[in-house]
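Visitor: Below, each chain spelled out in residue letters.
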Amino acid sequence: MSDKKPRLLKINILRFDPHDPDDFPHMETFEIQEAYGMTLYIVLNAIREHHDNSLMFDFVCRAGICGSCSMLVNGRPTLACRTLTSKLDENITLAPLPLFKLIKDLSIYSGEWMRYLNEHLETWIHDKESELNVDKIEERMDPDLADEIYELDRCIECGCCVAGCGTIQMRPKFTGAVGLNKIARYHLDPRDKRSDEEYYELIGNEDGVFGCMTLLGCEDVCPKDLPLQSKIAYLRRMMIKTGLK
Amino acid sequence: MKKNKIDKTPAKLDFTQSLTGLILAIFIMGHLIFEASILISNELMYKVTIMFEGYYFFGETYPGIVSFLAGFIFVIFIIHAAIALRKFPDNYRQHKVMKEHIIRMKHEDTSLWIVQLTTGFIMFFIGSVHLYMMMAEPSDIGPYASSYRVVSEHMWPLYFLLLFSVVTHAFIGLYRLALKWGFMEGKSTKTSRKRFKFLMKFLIVVYLLLGIFTLAKYIYIGNTHDFSDGVKYKSETIIMENH
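Those protein sequences? They're chains A and B, same order as listed.
Note that the numbering used here has the first sequence beginning at 1, numbered continuously upward.
Note that the numbering used here has the second sequence beginning at 1001, numbered continuously upward.
These are calculated hints, taken from the structure and not from any lab test.
Because the structure is a prediction, the values reported are computed rather than measured.
Positions of the beta carbon are idealized from the N, C-alpha and C atoms, including for glycine.
The reader is advised that the hints may include incorrect statements.
[Unchecked claim] Examples of chain B residues toward chain A, derived with CB under 8 Å:
#: 1; residue: A1011
#: 2; residue: D1014
#: 3; residue: T1016
#: 4; residue: L1019
#: 5; residue: L1085
#: 6; residue: P1089
#: 7; residue: Y1092
#: 8; residue: V1097
[Said to hold, decoys possible] Computed cross-link-like contacts, BS3-like style, restricted to lysine-lysine with a CA-CA straight-line distance of at most 30 Å:
#: 9; chain 1: B; residue 1: K1099; chain 2: A; residue 2: K245
#: 10; chain 1: B; residue 1: K1012; chain 2: A; residue 2: K101
#: 11; chain 1: B; residue 1: K1190; chain 2: A; residue 2: K173
#: 12; chain 1: B; residue 1: K1087; chain 2: A; residue 2: K87
#: 13; chain 1: A; residue 1: K173; chain 2: A; residue 2: K241
[As the list claims (entries may be wrong)] Taking beta-carbon pairs under 7 Å as the criterion, some of the chain A residues facing chain B (in silico):
#: 14; residue: V73
#: 15; residue: G75
#: 16; residue: I149
#: 17; residue: Y150
#: 18; residue: N205
#: 19; residue: M213
#: 20; residue: G217
#: 21; residue: S230
Start from the sequences, fold in the hints, and give me the full structure.
Guide: Below, the structure written as structure tokens:
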């Protein structure tokens, strides 16, 4: 720890309550004294405790696992709980993630969006359930493949890749990296029996993988460092293979 | 399970956009190098010109070959433009939201999209002008004829703009192509991407410098050469009857 006087952080927050007909989007600034090892999660709690208890924001795990506290920090989507104030300037601007339904202030309803995505892309193992024999010993999987699938399963649906995507800003029907990553995960999985054509129907169009303009905002803002660029490229190759058959 | 027939067109469009872009980028890399032969000597540039007119294959020059090549590139160019048009914003709302996103994110690869969009749009027009001229007047290429066109026919502003547009568009495009398809990805995509980005910037600088020097040389010749006895270059070593 240094002996220097702690900084006074100026936290500018975009506030708006869409349910209050008299409210309009406006910026509000709070001053918080920085502490050692402070994260934005701590800052937001301090604001709510000492300045304004009506400030709304989401958090559950405060350890980058639940994906609730995603927000725009100085314009870039990230998780508040994993952002150290020491890495930022004294002036910090916070805003809710765009594209998702706003609940109030920094709180968004990403669950609805993600649920639609998962239902639409059917992100679960597809097997012939009627022929499934539960007494049969499960087939072995190559450890490297298991690792690769596990790596993609680390997605926490925080929505940062969606907010960081240029394409989806223009065309909100675009699937986004979160959905493409999930499709890549099931496409890799030998237990999923969907055919190439069935996968193609899900993402072989301009709302799917062919809509991606490779701006790579997703890859660069993903708090879990998922290999999104590489997996979207993988899907593109697979879908072209099916499409040019 | 569903048995619908899949629509393969989006896959074909995506693939064609990449393929035509790749062909055009490779073409332009060669084009700018061949044209830069003027930096070495007028004679070399002349030899390059007659090479493309088929002299070294047929013993005579046929400017029609250049017309044909320009026509072929024009077709590829039009296909690429038509397909890439899908990525343009459809309306003002899309344009505005993307602009705000770019300003907010301060993310290089996203910002480069504006460069692609702008240079692509510019080339709809000036690329077409250039390609049509090459198709229509293929015999007006040469150390003196080209210089005359650049200076006396006021083509230099168009060529400057075209140079900047085509070089940035081509190399940003190649960078994106590599990442889009996972070309030479290696174990760490972070490392390979960094290398590709460096290569992109390096090649943009190299090709811009090469292009600027080349154009400067044509402008110099166009301003200093005496065109009173025609614009055709007379080679000291290669004598042609009808040229």
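Visitor: Are the hints correct? Go through all of them and say.
Guide: Hints, one by one, checked against the model:
1. Against a cut-off of 8 Å between C-beta atoms, the interface hint on B/A1011 holds, since the closest Cβ of chain A lies about 2 Å away.
2. Restraint check, B/D1014 versus chain A: the minimum CB separation of about 4 Å is within 8 Å; hint holds.
3. Hint on B/T1016 is violated. Least Cβ distance to chain A is approximately 10 Å, over the 8 Å limit.
4. The criterion of a C-beta within 8 Å of any C-beta in chain A is not met by B/L1019, whose closest approach is roughly 11 Å, and the hint is violated.
5. Among the interface hints, the one on B/L1085 is violated; its C-beta lies about 12 Å from the nearest C-beta in chain A, farther than the 8 Å criterion.
6. With its C-beta approaching chain A no nearer than about 6 Å, B/P1089 sits inside the 8 Å limit, and its interface hint holds.
7. Annotation: B/Y1092 was flagged as interfacial toward chain A, and the flag is violated, the nearest CB pair being 11 Å apart, outside 8 Å.
8. A least Cβ separation of about 5 Å between B/V1097 and chain A falls short of the 8 Å threshold, and the interface hint therefore holds.
9. Among the hinted pairs, B/K1099 with A/K245 is inconsistent with the structure: their alpha-carbon atoms are about 38 Å apart, more than 30 Å.
10. Straight-line distance between C-alpha atoms of B/K1012 and A/K101 comes to about 35 Å, which puts the hinted pair past the 30 Å bound.
11. In summary, the hint linking B/K1190 to A/K173 is supported, as the alpha carbons are separated by about 28 Å, within the 30 Å threshold.
12. For a cut-off of 30 Å, the pair hint linking B/K1087 to A/K87 is broken: about 36 Å separates their Cα positions.
13. Of the supplied pair hints, the one linking A/K173 and A/K241 holds, its CA atoms being roughly 24 Å apart against a limit of 30 Å.
14. Annotation: interface hint on A/V73 violated; nearest CB of chain B at approximately 11 Å, more than 7 Å.
15. Nearest Cβ of chain B to the Cβ of A/G75: about 4 Å, under the 7 Å cut. The hint holds.
16. Nearest Cβ of chain B to the Cβ of A/I149: about 18 Å, over the 7 Å cut. The hint is violated.
17. With a least beta-carbon distance of about 18 Å to chain B, the hint placing A/Y150 at the interface is violated under the 7 Å criterion.
18. For A/N205, the shortest C-beta to C-beta distance to chain B is roughly 5 Å, which falls under 7 Å, so the interface hint holds.
19. A hinted interface residue such as A/M213 counts as satisfied when its beta carbon comes closer than 7 Å to some beta carbon of chain B; here the least separation is about 6 Å, so the hint holds.
20. The restraint placing A/G217 at the interface with chain B holds, with a minimum CB-CB distance near 5 Å, inside the 7 Å limit.
21. Residue-level restraint check for A/S230 holds (minimum Cβ-Cβ distance to chain B is 5 Å; threshold 7 Å).
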